[in-house]
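Protein sequence lines, in the order shown, are assigned to chains W and Y.
Residue 274 in the working numbering sits at position 252 of the first sequence, with consecutive numbering throughout.
Residue 1029 in the working numbering sits at position 297 of the second sequence, with consecutive numbering throughout.
Incorrect hints may appear among the rest.
Computed list of lysine-lysine pairs in DSSO-like fashion (alpha-carbon distance at most 27 Å, straight line) [claimed, not checked]:
{"no.": "1", "chain 1": "Y", "residue 1": "K943", "chain 2": "W", "residue 2": "K282"}
{"no.": "2", "chain 1": "Y", "residue 1": "K783", "chain 2": "W", "residue 2": "K282"}
{"no.": "3", "chain 1": "Y", "residue 1": "K898", "chain 2": "W", "residue 2": "K165"}
{"no.": "4", "chain 1": "W", "residue 1": "K105", "chain 2": "W", "residue 2": "K165"}
{"no.": "5", "chain 1": "Y", "residue 1": "K1018", "chain 2": "Y", "residue 2": "K943"}
{"no.": "6", "chain 1": "Y", "residue 1": "K1030", "chain 2": "W", "residue 2": "K172"}
{"no.": "7", "chain 1": "Y", "residue 1": "K783", "chain 2": "W", "residue 2": "K165"}
{"no.": "8", "chain 1": "W", "residue 1": "K282", "chain 2": "Y", "residue 2": "K1018"}
These are computed hints drawn from the structure, not numbers from a lab.
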Amino acid sequence: MPDEKKVCLRGSALTKVFAYSGQKTVAVDHVDFNFYEGEVVSIVGESGSGKTTLAKMLLGLTSVSEGEIYFQGEKRDIRSQKKRKEYWKNIQAIFQDPFSSYNIFRKIDAVLLDCIDLRGGRNLSPAKKVELMKEACSFVNLKFEELTNKYPFELSGGQMQRLMIARIFLLRPKILLADEPTSMIDACSRATILDELMHLRNEIGMTIIFITHDIGLAYYVSDTVYIMEHGKFVESGSADEVILRPQATYTQRLINDVPKIHEEWDLSTV
Amino acid sequence: MDMPELIAKVDDKAKPAAMLEVKELTTKYITRYKEDVYAVDHVSLKVEEGKSLGIAGESGCGKSTLALSLMGYYFAPLHYTSGEIIIDGRNISGMNPDDVRKSILGTEIAYIPQAAMNALNPTRKIINFIEDVMEAHDLSVTKKDVYERARQFFARLGLPAEVLQKYPVELSGGMKQRTVIAVSVMLLPKVLIADEPSSALDVTSQKMVIKMLRSLMENDIISSLIFITHELPLLYNVVDDIMVMYAGQIVETGPAKEVVLDPLHPYAKGLMGSIIVPEQGLRDAKLTAIPGVPPNLKKPPAGCRFAERCKYVRPECKTNSVASREASDGRAYRCIFSEKELREFYRKEAD
């Protein structure tokens, strides 16, 4: 974490209510948070805890029912399409399913060229563009020569997810929101992806927000952990504090239910 | 019967019986371009009565194909090539698929495929589903008997009897999965093969499923369990022995504790080094990542299949095929290096 902590993204009493013919479901219930610059934050919760709804609000993909989001100290304003595009230059996302994250009709070159254009590189020479793409691919240990002229579906899940990280490398956003980025790929590729994300964080100093149900993963990558239950944060703090000395019963149960290697896994408690 | 023969018989009794024994089983997929893909290549394994075996490996290594192959029930594009499958002394390899379905599946060996719970018919109640299962096995029981039997069976497994009268949509994911498992073992099979039975569930439901699988063993409903998952911490907590699979071959087998905490094969070592659990010390540990991708099984490499990705590769690894070799504590692994040499590599690396 940087010495001088500057708040990058702040939420105050953020709420999302889904209403359907008189029935109201409060998916996210008055949550407050401060995500600092260059920090890795994890939001951990089980299915239905509201973590993905929160992520969608942060990304501006769904409206906020109540409360405010502050981006770099100012109230976030994404009411017009132009402003929304401006905001998306600062916040990018990696989703769970790499297979549905790409437009299947567009080649990998086009995917990467879009990123260069978005960063204002539209008028660069083709040679320079190729150089940038090569750099981005080699950052995630992919070979651009092997990818060029291919479609995303010709890659494996792990490679697709790494191509996503290459995109982020080109875009250099302030915030990266990763919604279960490794839940669909196996353990060996998972280590590679996590290491590359951490490397990228150090390289461009961005904030990473992990949305995950995997408490072990949250412990491994994060500086700060937020535990979410029924739309509320039940516990938050440094990763060591929350995972090794959990206070809330929900956190204790969550940790207790995960199979472990060096500690006894207590099956009697369900 | 003279004396030596009698002694041999008694000895046989004393040894735990192999519930499922597989010898050099090879099965292949034939693609529509008539290419052969050897997804299970000369796999041998043995599960004793009362024991459980785990199969680990990354996606695409052949875990699920092995599970399918173990049933002896083959349908295109999967084809049987060679090898033997012996369930409780009965050789089922090469049997007619229809016979396997009638007399083996469900009664001798039961299989729970990945995401089995999603296959429940949404328009039929659980009890109707059970009636179908019973009917398929030619059991001339009345509906009343089926209900009574199902009720008793569910009670024995600690599942509420109300579940029987419900539609699948009315049940939670965890409950659906436990229901599917319960129904799959209602005919008391000897061996249960569970392929990722808990991977789509949250941690609490996962724990309940695991607890149920354990109770099936403890209550002698099944004699042996084969558990397939890529989640190593889970496997470690459930099974007695672990087999690590890579590109259709078994690269290491042994007791769960030894394989997870002290792996020998370089691939197993890499796999164990990527385990993430919320325990003290995890944050300081460096996760190992294995570079590269598994080989294409349409043209499997001539030598060791892991050679392309192995840190300790020697030129001969890529040309000579590698046989499985015995190691200490009842383990076996497939590598040209001796146990001592491998341990030396790992010790150097750790320094």
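Here's how the hints hold up against the structure:
Between K943 (chain Y) and K282 (chain W) the alpha-carbon distance is near 15 Å, which keeps this suggested pair within the 27 Å criterion. With a C-alpha separation of about 21 Å, the suggested pairing of K783 (chain Y) with K282 (chain W) holds against the 27 Å cut-off. A hinted pair counts as satisfied when its Cα atoms are at most 27 Å apart, and K898 (chain Y) with K165 (chain W) does not qualify at roughly 53 Å. Using a Cα cut-off of 27 Å, the hinted pair K105 (chain W) and K165 (chain W) is violated, with the two alpha carbons roughly 35 Å apart.
Among the hinted pairs, K1018 (chain Y) with K943 (chain Y) is inconsistent with the structure: their alpha-carbon atoms are about 32 Å apart, more than 27 Å. Distance hint between K1030 (chain Y) and K172 (chain W) is fulfilled; the C-alpha atoms sit about 21 Å from each other, no more than 27 Å. Restraint check for K783 (chain Y) and K165 (chain W): the C-alpha separation of about 46 Å exceeds 27 Å, so the hint is violated. Between K282 (chain W) and K1018 (chain Y) the alpha-carbon distance is near 17 Å, which keeps this suggested pair within the 27 Å criterion.
The structure fails to meet hints 3, 4, 5 and 7 from the earlier list, while all remaining hints are met.
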